[in-house]
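**Student:** Protein chains in written order, with the working numbering: chain A, 1 to 267; chain B, 268 to 600.
A hint or two may mislead.
As the list claims (entries may be wrong) - If you want the footprint, here are the derived chain A segments under chain B, 3+ residues with CB under 8 Å:
hint : stretch
1    : 15-25
2    : 108-119
3    : 124-132
4    : 162-175
5    : 227-239
6    : 248-257
As the list claims (entries may be wrong) - Here are a few chain B residues that sit away from chain A, every Cβ distance over 10 Å (derived from the structure):
hint : residue
7    : Val271
8    : Val448
9    : Gly453
Hints in this document: simulated from the structure, not taken from any laboratory. It should be emphasised that the depicted structure is a prediction, and the values quoted were computed from it without experimental measurement. We treat Cβ as the ideally placed atom computed from N, Cα and C, and that holds for glycine.
Letter by letter, the chains look like this.
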Amino acid sequence: MHIIVCVKQVPDPEAPFANFKIDSATNKVIPPQGVSPVINGFDEQAVEAALRIKDSQAGVKITVISVGNDLVMDVIKKPLSMGADELVLVQDPAIENGDSHTTGAVLAAAIKKVGAFDLVLCGRQASDWDQGQVPLVLAELLSIPVVTIAKKVEMAGAAVKVERVVVDGFETVQAPLPALVTISNELGEARYPTLRGIMAAGRKKPTVWSAKDLGLESGQVSQNANRGRMLKVFVPEKRSKCEVISADSPAEAGVKLAARLREDKVI
Amino acid sequence: MSEVKGVLVIGEVSDGKLLGVTRELLGIGRKLADTLGEHLSAAILGAQLGDLGKELVAYGADKAYLVQDPLLAQENADAYVAAAEKVVRQVQPNVLLLGQTVLGRDISPRLATRLGTALAPDCVELAIDPATKLLHMTRPVYGGNARAIYVCEKARPQMATVRPKAFSVLERNDARAGEVVQLAAGLDPAQVRVKVLDRQKKASEGLRLEDARVVVTGGRGMGGPENFKYLDELAKTLKGAVGASRAVCDAGWVSPSLQIGLTGKVVTPDLYITVGISGASQHMAGCSGSKVIVAINKDPDANIFKEARYGVVGDWKQVLPALTEKVKELVQG
Ligand SMILES: Cc1cc2nc3c(=O)[nH]c(=O)nc-3n(C[C@H](O)[C@H](O)[C@H](O)COP(=O)(O)OP(=O)(O)OC[C@H]3O[C@@H](n4cnc5c(N)ncnc54)[C@H](O)[C@@H]3O)c2cc1C
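Just chain A, with the same shape it has in the complex:
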């Protein structure tokens, strides 16, 4: 059984955004100096979902694929140190600033080159651009069924059984393999790499492909990217207008807050 997990390197979403800069000339968000990027949280949980399947049955191989430039090797190798088997990186200036369709197309080509697979796992969305499109585009391009926002993924013979989060509850669905599933935080925390895992990952060399290695002409890739275009990225202005209720004690502040809300006809 071969599971492919797609992961993206993103700026750490926990870093205070005030330290980010926006370069208005290039429309780029520049992460703060000295803050290491991370694997997108939902993608890390997708690796976890794959590892849980690997733990539960014999003969499971996990290949991790990442598309992106400026990858930090220690960061992008984390899935290997958690227990994944192989790492494939697609790096090419031609895919810089690619939109979801470009990334989807590059991933689809990479997955086809990797070979036969049973299951593709992705995080539900990336914490930088928050689009949640790539997995769905990818599934369409691979012509395979897709299930989103999973909290539990289990193999069931030639199918995958998924518990997914829906409005006010859960549903259990089943899709024939090969299929793609996107993972949500409800799956639970990803495991920490073990020291042995980290050592083993250090020795592993990722496979690196360019767009050309995937049979994609760079023109073709950038044309794709021009489907939609970002005009501008900016930080909206915020005026703080908080009235902080002060009093001699916190309890008294609570009482005063209630009175203030009444006075302003909020309650």
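Fit chain B with the ligand to the known structure of chain A by using the hints.
**Tutor:** Leaving out everything else, chain B with the ligand in the frame of chain A:
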């Protein structure tokens, strides 16, 4: 591309009613269609849609398409994306809008791929650029810390999903003229590859979070699930509902269906009281449209105080019981 025209909204129906976001789509769709001097059509998909076509017209559509098929009885992305593709190919719109719902998130990127166009998901502003007549689609990025504006120059339709509660609804006008037409989905059961085996929906106890006029939300600062009863008490006094941050849901203190934020629910109550919430942008994405936000947090530098209208700096264990007692006295007395 020459014959593409008009704005098309693909709406959603739940328990035989139009979703709130569908009425919001009609509101913004009407505005965009009027600016472009084009018409607004709306489609809904389902097994039995009854008189809902008229309702689409009453909320702003010039033409309503009812796509009925037994395979659409259950919410299933495979069936819905196929039916939606059919409608879009028939209508050939210039602008295509859907809601950023569980289903909308699922089908829109697939639909865009099939149509060969780009999608701007989760938009909070949509406007026609006067010079180019292109749709400017504004969406929060980086967890809501920044915003980005997108255009789709070459491909059609220009496609966006909209965040629930970001746009206003037109007043219902049952006298509005409009046409209601049936459209066959022509679905083939083989198109439905993902099968639903079981649904466990919580019968919402009392008030739905999205409909509540007062929401009291607890964060990690509540310290544990046993303390949520204090929030329940305040919420009950104000006839409101209780919500939670993702940190609280991830910790298993409350059900994930209470999560408010970017990857949870969007609420816009008259009063939103946060207790022990730091005010991360991803949380604010789900509540920043509230009329009045109140913060109780022991850290004076917490971001929530930049977002709130009223705040108390202090330990909730002291603030909250006193607040609740006084509120009881004021609203009941
Ligand atoms: C892609 C992505 C999506 C996300 N989606 C969501 C989402 O949909 N919804 C969401 O909520 N989050 C979401 N998050 C997480 C978000 O970034 C924050 O981590 C989360 O909202 C923090 O929750 P919190 O405020 O409860 O906890 P914390 O940030 O830990 O804040 C706890 C607060 O409680 C205060 N406190 C502690 N003790 C007390 C006390 N005794 N009395 C008073 N105050 C006290 C502290 O001062 C602190 O400010 C997302 C993150 C990512 C990366």
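**Student:** Are the hints correct? Go through all of them and say.
**Tutor:** Right, here's what the structure says about each hint:
For the stretch 15-25 of chain A, the assignment as covered by chain B holds, since 3 residues bring a beta-carbon within under 8 Å of that chain's beta-carbons and 3 suffice. Coverage of a stretch by a chain is defined here by at least three residues with a beta carbon nearer than 8 Å to that chain's beta carbons; for the stretch 108-119 of chain A and chain B the count is 0, and the condition is violated. For the stretch 124-132 of chain A, the proposed coverage by chain B is satisfied: 8 residues have a C-beta within less than 8 Å of a C-beta in that chain, meeting the threshold of three. With a cut-off of 8 Å between beta carbons, the stretch 162-175 of chain A has 11 residues touching chain B; three or more are needed, and the interface restraint holds.
With 11 residues carrying a beta carbon less than 8 Å from a beta carbon of chain B, the stretch 227-239 of chain A meets the three-residue requirement, and the given coverage holds. With a threshold of 8 Å between beta carbons, the proposed coverage of the stretch 248-257 of chain A by chain B holds, since 8 of its residues qualify and at least three are required. Every beta carbon of chain A lies more than 10 Å from that of Val271(B), the smallest distance being close to 15 Å; the non-interface claim holds. The claim that Val448(B) is not at the interface with chain A holds, since no C-beta of that chain comes within 10 Å of its own (minimum 28 Å).
Remark: the non-interface label on Gly453(B) is consistent with the geometry, its nearest Cβ contact in chain A lying 20 Å away (cut-off 10 Å).
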